[in-house]
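Asker: The lines below spell out each chain.
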Amino acid sequence: MLNIFTRIVPLALILLANATTHAQDDYKLGPDSMVQPNVPQGTVTKHSWTSTKVFPGTVRDTWIYVPSQYNGKTPAAVMIFQDGAAYVNTKQSFRVPTVFDNLIHKGEMPVTIGIFLNPGTIPATKAGGKPRRNRSFEYDTLSGQYARFLLEEILPDVGKQYRLTNDPALRAIGGISSGGICAWTVAWERPDHFSRVLSHVGSFTNIRGGHVYPALIRKTEAKPIRVFLQEGSNDLDNLHGNWPLANRQMAAALKFSHYDYRFAMGTGGHNGRHGGAILPDSLRWLWRGWNEPTAGGSKKN
Amino acid sequence: MIRIASLAALCLLMTLPAAVAQDMPLSQVLVPGEHWQLVGSGYRFTEGPAVDRDGNVFFTDIPNNRIHRIDANTGKVTVFAEQTARTNGLMFGSDGRLYGCRSGDNQVVAYDSDANHTVIASDIACNDLVVASDLRLFVTDPAGRRVWTIDAKRNKRVVACGISPNGIILWPGEGTLVVTERNQPHLWTYRIEPDGSLSHREQYYQPLRLLPGQARPGSDGMTVDTNGRLYVTTSAGVQMFDPTGRMGGVISKPHRGSLANVVFGGPKRNIMYVTAGDRVFQRKTRVQGAVHFLKPPTTPR
Numbered sequence: 001m002l003n004i005f006t007r008i009v010p011l012a013l014i015l016l017a018n019a020t021t022h023a024q025d026d027y028k029l030g031p032d033s034m035v036q037p038n039v040p041q042g043t044v045t046k047h048s049w050t051s052t053k054v055f056p057g058t059v060r061d062t063w064i065y066v067p068s069q070y071n072g073k074t075p076a077a078v079m080i081f082q083d084g085a086a087y088v089n090t091k092q093s094f095r096v097p098t099v100f101d102n103l104i105h106k107g108e109m110p111v112t113i114g115i116f117l118n119p120g121t122i123p124a125t126k127a128g129g130k131p132r133r134n135r136s137f138e139y140d141t142l143s144g145q146y147a148r149f150l151l152e153e154i155l156p157d158v159g160k161q162y163r164l165t166n167d168p169a170l171r172a173i174g175g176i177s178s179g180g181i182c183a184w185t186v187a188w189e190r191p192d193h194f195s196r197v198l199s200h201v202g203s204f205t206n207i208r209g210g211h212v213y214p215a216l217i218r219k220t221e222a223k224p225i226r227v228f229l230q231e232g233s234n235d236l237d238n239l240h241g242n243w244p245l246a247n248r249q250m251a252a253a254l255k256f257s258h259y260d261y262r263f264a265m266g267t268g269g270h271n272g273r274h275g276g277a278i279l280p281d282s283l284r285w286l287w288r289g290w291n292e293p294t295a296g297g298s299k300k301n
Numbered sequence: 302m303i304r305i306a307s308l309a310a311l312c313l314l315m316t317l318p319a320a321v322a323q324d325m326p327l328s329q330v331l332v333p334g335e336h337w338q339l340v341g342s343g344y345r346f347t348e349g350p351a352v353d354r355d356g357n358v359f360f361t362d363i364p365n366n367r368i369h370r371i372d373a374n375t376g377k378v379t380v381f382a383e384q385t386a387r388t389n390g391l392m393f394g395s396d397g398r399l400y401g402c403r404s405g406d407n408q409v410v411a412y413d414s415d416a417n418h419t420v421i422a423s424d425i426a427c428n429d430l431v432v433a434s435d436l437r438l439f440v441t442d443p444a445g446r447r448v449w450t451i452d453a454k455r456n457k458r459v460v461a462c463g464i465s466p467n468g469i470i471l472w473p474g475e476g477t478l479v480v481t482e483r484n485q486p487h488l489w490t491y492r493i494e495p496d497g498s499l500s501h502r503e504q505y506y507q508p509l510r511l512l513p514g515q516a517r518p519g520s521d522g523m524t525v526d527t528n529g530r531l532y533v534t535t536s537a538g539v540q541m542f543d544p545t546g547r548m549g550g551v552i553s554k555p556h557r558g559s560l561a562n563v564v565f566g567g568p569k570r571n572i573m574y575v576t577a578g579d580r581v582f583q584r585k586t587r588v589q590g591a592v593h594f595l596k597p598p599t600t601p602r
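Chains as they are written, first to last, in my numbering: chain X, 1 to 301; chain F, 302 to 602.
A few of these clues could be false.
In silico DSSO-like pairs for lysine-lysine, Cα to Cα no more than 27 angstroms straight-line [as the list claims (entries may be wrong)]:
id	chain 1	residue 1	chain 2	residue 2
1	F	Lys569	F	Lys585
2	X	Lys130	F	Lys569
3	F	Lys454	X	Lys126
4	X	Lys46	X	Lys91
5	X	Lys53	X	Lys130
6	X	Lys219	X	Lys255
7	F	Lys457	X	Lys126
8	X	Lys91	X	Lys106
9	X	Lys130	F	Lys457
10	F	Lys554	F	Lys377
11	F	Lys569	F	Lys377
12	X	Lys73	X	Lys106
Partial list, computed: chain X residues near chain F (C-beta under 8 angstroms) [stated by the list, open to error]:
id	residue
13	Gly57
14	Ile122
15	Ala124
16	Thr125
17	Lys126
18	Gly129
19	Arg132
20	Arg133
21	Arg135
22	Ser136
23	Arg208
24	Asn238
25	Leu239
Hints listed in this document are in silico derivations from the structure and should not be mistaken for laboratory results. Since the model is a prediction, treat every value here as computed from it, not as a measurement. Yeah, the Cβ is synthetic: ideal placement off N, Cα and C, and Gly gets one too.
Sequences and hints are given; from them, build the entire structure.
Answerer: And the structure:
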């Protein structure tokens with residue numbers, strides 16, 4: 001019993017936005033992360049998804065946010081978050097539904113349907129058998145498989161219920177930790193579908209070879225991707241790599257190859273406090289010019 | 302402390318379910334100052350290391366048609382069986398018998414404590430096998446490019462094909478089966494269905510470490526520890542993966558020759574044994590091997 005706690009506690013302390021507060025993580029949420037009077041609120045519905053094609057056998061929780069401004073006629077922009085439970089929660093650091101409400105209301109981002117996806121698990125059929133946790137396989141693997149999952153399973157399914165844009169300039173993707181590198185990988189593999197990436201404490205380290213991205217970015221013709229990287233100087237340093245150094249390498253490579261990028265280096269650790277506090281500004285930057293004809297995506301970054 | 306831990310654990314479950322995995326560096330496995338020690342030499346090709354309830358380790362010398370026994374307490378190596386028809390993969394069952402792949406006569410057999418064997422199944426070009434706690438077997442057939450299962454009533458059938466399987470192992474808890482292919486830079490995982498069929502195949506363990514200039518990892522035999530780590534012998538050494546499929550490190554080879562298979566033995570099952578060409582080596586570790594024979598069989602064979 002104690003063993004379980006000694007394992008879980010450090011993880012919990014590292015990850016939780018609200019459990020404890022270290023000085024270097026003392027980031028405060030601003031008004032755009034709070035429910036504001038006279039700002040219409042969108043709706044969030046919870047679903048589950050059983051993959052039959054790309055990650056067969058996996059089950060996962062999903063949530064869909066629909067802004068109140070969505071009218072069913074104009075195709076909505078799309079933003080997909082990995083580790084969706086952390087982003088859709090409106091009491092913790094990110095509070096994406098609330099931030100979306102406020103930014104959409106002010107016209108600082110388009111009318112956007114938010115899709116929040118948890119990683120998959122393959123439950124064991126045998127009593128006592130452990131489920132196969134698919135998070136690292138889905139998020140850390142350098143391949144187009146996760147992008148295919150979004151394009152062939154998730155987006156068509158959500159698209160049955162809502163009118164979604166096919167314009168890569170109006171499709172964004174984000175995530176934290178391995179979800180951050182996952183978001184980058186999706187756009188890197190399919191820039192014809194996703195052009196805006198938001199990474200929080202992204203794992204551009206050697207979990208499954210992701211440390212090679214800075215080198216790839218420097219020696220590959222630049223892709224039409226706009227990327228916001230948030231990182232903290234007290235982030236992880238473990239067997240997979242050093243997160244602050246890895247994110248600095250990413251930022252330097254993006255600069256070298258003339259990407260439209262922003263790098264926000266804070267002082268926090270491996271959690272969402274800093275990323276949550278600056279989320280409204282990050283989204284404003286990521287979506288800037290969304291309503292200008294030449295802005296964003298494959299036309300111009 | 303427990304109260305804080307409970308709270309933190311509860312919060313963790315509420316926020317990022319299945320989101321994080323414990324880091325498992327090699328330092329959790331290796332003992333400082335402990336290195337490989339030679340157990341025996343002068344064999345022709347050693348394979349199939351298997352541990353019994355007392356921690357004694359059995360291995361085969363395939364071309365010499367012998368199975369040897371390493372005493373858990375004295376380390377003394379004796380001959381257990383002769384004229385073994387090129388017996389290859391070995392594993393103990395919950396009935397106390399030593400199951401083996403007699404590759405020379407295409408039979409899966411069970412050796413009793415006096416080394417007399419009973420045929421369990423015939424006409425399988427078997428290479429390696431794993432025995433579940435209910436005495437269901439999974440057997441690799443590289444030449445036939447298929448995996449067989451044999452139930453406790455000795456009915457055999459093919460449950461996977463289209464790969465060239467080699468090593469085979471079950472997770473602790475037996476929910477997931479893992480299969481190696483020597484030439485592929487990944488290991489396959491399958492879910493085991495109640496009837497013994499296999500589903501939801503995935504290249505879960507990847508990428509494997511490759512030697513410079515080589516495209517094939519040479520992955521062969523595997524074993525698992527009680528924390529769910531998986532160990533696979535390869536050309537680069539013994540590669541260790543965590544339960545989420547992330548490679549955690551490569552344990553150096555004991556000699557320049559090849560490695561075929563690995564198991565944990567000794568009274569505490571904390572000694573790693575590798576079969577390595579004409580020799581067998583051991584080294585002390587900080588982990589304990591997992592076995593599936595500690596539960597009594599549900600259906601006596």
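Asker: Look at each hint and say if it fits the structure.
Answerer: Going through the hints against the structure:
A distance of roughly 10 angstroms separates the Cα atoms of Lys569(F) and Lys585(F); the hinted pair therefore holds under the 27 angstroms criterion. Restraint check for Lys130(X) and Lys569(F): satisfied, since their Cα atoms lie roughly 24 angstroms apart, inside the 27 angstroms limit. Distance restraint check for Lys454(F) and Lys126(X): the Cα-Cα separation of roughly 19 angstroms lies within the 27 angstroms cut-off, and the hinted pair is therefore satisfied. Under the criterion of a C-alpha separation no larger than 27 angstroms, the hint pairing Lys46(X) with Lys91(X) is consistent with the structure, at around 16 angstroms.
At roughly 22 angstroms between alpha-carbon atoms, Lys53(X) and Lys130(X) fall within 27 angstroms of each other, so this suggested pair holds. Taking the CA atoms of Lys219(X) and Lys255(X), the gap is about 13 angstroms. The hint holds against a cut of 27 angstroms. A threshold of 27 angstroms between alpha carbons decides the hint, and for Lys457(F) with Lys126(X) the separation of about 20 angstroms falls inside it, so the pair holds. Restraint check for Lys91(X) and Lys106(X): the C-alpha separation of about 22 angstroms stays at or below 27 angstroms, so the hint holds.
Of the supplied pair hints, the one linking Lys130(X) and Lys457(F) holds, its CA atoms being roughly 26 angstroms apart against a limit of 27 angstroms. Pair hint Lys554(F) plus Lys377(F) holds up; C-alpha atoms about 23 angstroms apart against a cutoff of 27 angstroms. Between Lys569(F) and Lys377(F) the alpha-carbon distance is near 17 angstroms, which keeps this suggested pair within the 27 angstroms criterion. The hinted pair formed by Lys73(X) and Lys106(X) meets the criterion: a straight-line CA distance of about 20 angstroms does not exceed 27 angstroms.
Taken as an interface hint, Gly57(X) checks out: its beta carbon lies about 3 angstroms from the nearest beta carbon of chain F, inside 8 angstroms. The criterion of a C-beta within 8 angstroms of any C-beta in chain F is met by Ile122(X), whose closest approach is roughly 5 angstroms, and the hint holds. Nearest Cβ of chain F to the Cβ of Ala124(X): about 3 angstroms, under the 8 angstroms cut. The hint holds. The interface hint given for Thr125(X) is met, as the beta carbon of that residue sits about 5 angstroms from the closest beta carbon of chain F, less than 8 angstroms.
For Lys126(X), the shortest C-beta to C-beta distance to chain F is roughly 5 angstroms, which falls under 8 angstroms, so the interface hint holds. Look at Gly129(X): its Cβ gets to within about 2 angstroms of chain F, closer than 8 angstroms, so that hint holds up. A cut of 8 angstroms between beta carbons decides the hint on Arg132(X): the least distance to chain F is about 5 angstroms, and the hint holds. The interface hint given for Arg133(X) holds, since its Cβ lies 5 angstroms from the closest Cβ of chain F, which is under the 8 angstroms cut-off.
Interface restraint check for Arg135(X): the shortest CB-CB distance to chain F comes to about 6 angstroms, inside 8 angstroms, so the restraint holds. The interface hint given for Ser136(X) holds, since its Cβ lies 4 angstroms from the closest Cβ of chain F, which is under the 8 angstroms cut-off. With its C-beta approaching chain F no nearer than about 6 angstroms, Arg208(X) sits inside the 8 angstroms limit, and its interface hint holds. Taking 8 angstroms as the C-beta contact cut-off toward chain F, the hint placing Asn238(X) at the interface holds, the least distance being around 5 angstroms.
Hint status for Leu239(X) relative to chain F: holds, with the closest Cβ pair at about 4 angstroms, below 8 angstroms.
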